[in-house]
Amino acid sequence: MGTLGFRAGDPVMVRATEVGHHHRTPWFVKGKQGKVRLVHGEFFNPESRAHGGDGLPKRRLCQVEFQQRDIWGALYRGSANDVLLVDLFEHWLERP
Amino acid sequence: MSDEHPPLIHAERSRRATRILAIRQLLVEKGVVTTDELDDIIVRARARTPADGAKVVARAWLDEAFRERLLTDARAAVGDLGYPLSHDAELAVVENTADVHHLVVCTLCSCYPSSLLGPPPDWYKSFAYRQRAVIEPRAVLREFGLELADDVRLRVVDSTADIRYLVLPRRPAGTEDLGEDALAELVTRDSMIGVAEARSRDRV
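Protein chains in written order, with the numbering used here: chain A, 1 to 96; chain B, 1 to 204.
Source of the hints: derived by calculation from the structure; they are not laboratory data. It cannot be assumed that every hint is accurate.
Cut-off 16 Å, straight-line C-alpha distance, at most; resulting in silico cross-link-like pairs (EDC-like, lysine to aspartate or glutamate) [said to hold, decoys possible]:
#, chain 1, residue 1, chain 2, residue 2
1, A, K58, B, D150
2, A, K32, A, D70
3, A, K58, B, D162
4, A, K32, A, E94
5, A, K58, A, D70
6, A, K32, A, E18
Under 8 Å between C-beta atoms, here's a sample of chain A residues computed to sit facing chain B [said to hold, decoys possible]:
#, residue
7, F6
8, F28
9, V39
10, V83
Since the structure is predicted, the reported quantities are computational estimates derived from the model, not experimental observations. Every residue, glycine too, gets a C-beta built ideally from N, C-alpha and C.
Isolated chain B (complex conformation) (with noise of 0.2 Å):
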C-alpha cells in the first residue's frame, strides 16, 4: 500500500467544461478571437482585486470633488487614479445614502465591474442570487447580515447590458480622522456590490 502511487487527480470535466471548451475551440478556429487575446482578458481581469475598487472608494469619501466626477463620469474618474478601463463596457457608479440602498445583479447572465473588483464571486454567478436578488432583495441582504429599514428605499440594479455598476458605499461613522489607506480597509467586495455596508472600523 505504501508504495502505490496516490489516485492520480483527474477529475472528469463537468458537462459545463467542456461546454465551455468546445466553444473556445470553435471560437478560435473560427478566427473570432485568438488564445493570447482570450489569455490576455483572463490576465487583465486577474490583475484587478477588489483592493482597487476600495481605493477608489477610499477616494470618493475624502475627496468631494473626485467623488461628484465619479458619479457623473466615472471612467474618466477611475481613469485618472490610474485605471483605464477597457473599450468593452461603460461604468457607471451608484451612491449608498442614508436614504437609498443599491444592489447590483445581472439577471441574464454575470455582468460585473471586474475592471475595479476583478472577477465576480461564484455566487453572484448563481441561478439563485440572479433570480432572488429582483424579486426578494430583502431576504437575500438579510441573508448576507444586512436588514435594511423599511424607510430605506431598495434600489435594485439589473445591468442587463453595455453599463457595469459599482456601488459607492456609505462611509462608516467615526471615521473621520482615518486616511485614505485606512478607510479603504474598511471597504470590502460585497460593500461594493451592494449586499454589505462597509466595515466599521472596529471590526476590520
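Next up, chain A with everything else stripped away, as it sits in the complex (with noise of 0.2 Å):
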C-alpha cells in the first residue's frame, strides 16, 4: 500500500470488498472500472480516523473518472459522454 504510484491517466479498478467499518468508497464504485484523472495528493486515512485512529500513514488521494454508462449501464438516461469524477483513496483502488 502506499506504492502503488497510481498516475494521471491509468486504468484502475475499485476494489469490491465490503468492510464493516466507516469508508469513503461509495457502493455503487466497487467493482467498477476508470481512470486516474488526477491525484489530488496525501491525505489523513480517514477508515483510522473515524475510529480514534491517528489517520497515519496518510494515503494517496486519486480523482478517478468513470463513464456513466458503465456504473448503472442502461438504468442511465443521460448522454454517453457523461461521467462521474470520484475522489478515492489509493488503497480502494488495483489496477485492472
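With the hints in hand, could you dock these two chains into one complex?
Dropping the structure here:
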C-alpha cells in the first residue's frame, strides 16, 4: 500500500470489498473500472480517523473518472459522454 | 380565552436532533472537542454566504490570471482575495464551458465548500438529491430548470473525501460592460453547485 503510485491516465479498478468500518468509497463504484484523472495529494486515512486512530500513514487521494454507462448500465438515461468523478483513496484501487 | 397564554412553542425534539445533541455532549465530555471550538466552527461557517463565492467567480470572469490560478491552486487564489480556508479541507474549482457542465454532490454525507458559500441548502443534504444526482443527474437538472443539451458532457463530481468542489459557472452572454460587483449579482449559490447557470443580466 502507498507504493502503487497511480498517475493521471492510469486505468484502475475499485476494490469490491465490503468492510464493516467507516470508509469513503461509495458502493456504486465498487468493482467498477475507471481512469485516474488527477492525484490530489496525500491525506489522513479516514478509515483510521473515524475510529479514533491518527489517520497515519497518509494515503494518496485520486480523482477517478467513470463513464456513467459503466456504472449504471442501461439505467443511465443521459448522454454516453457523461461521466462521474469520485475521489478515492489509493488503497481502494488496483490495476485492472 | 383572550386572557389565556398562547401555547408555548415547545415542539418535541426530533429523534435526529436528540441524537445530535447526545453525540455533541459525548464529544465534549470525552474531550474530543470543546463547546467553544464547536461554537467557533458554527460562527465561521455562518459568516460566509454565497455572496463570497460570487465575488470569487466574478473576479475569475474578469481576471484571466486569477482564473487560471483559481483552477490550479484554489486555496492560494481565494486566500489572495481575503478568504483564508480552514485546514480541514481543500478546495478545488471546476469550470463550466460550452462543452462541459459540472454538478457537485456528496453522496456519502453533505461535504460542501462552506468556507466560500456558507452552510449548504437543505436539499443538498437530502437523500433524494444525494442519490439522484449520480444516477439521473440530467433529470435533477431539469427539475432545477436547466435543460442540458445532449452534446454537453455532464461531469458529476462526488466529493467523497477531503476536497470541496466549487463550480465556476459560465459568464452570461452580453455582460462585457459589467464590472465586478454587477457580475457578482449574477452568480447564484445554485450556479456554484452546478444545478443552475449564472443568471442572465435581464433576470436580476
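Quick rundown of the hints versus the structure:
no. : hint              : result
1   : A:K58 with B:D150 : violated (40 Å)
2   : A:K32 with A:D70  : holds (7 Å)
3   : A:K58 with B:D162 : holds (12 Å)
4   : A:K32 with A:E94  : holds (11 Å)
5   : A:K58 with A:D70  : violated (30 Å)
6   : A:K32 with A:E18  : holds (14 Å)
7   : F6                : violated (15 Å)
8   : F28               : holds (7 Å)
9   : V39               : violated (11 Å)
10  : V83               : holds (5 Å)
Violation of the numbered hints given earlier is confined to hints 1, 5, 7, 9; the remaining hints are satisfied by the structure.
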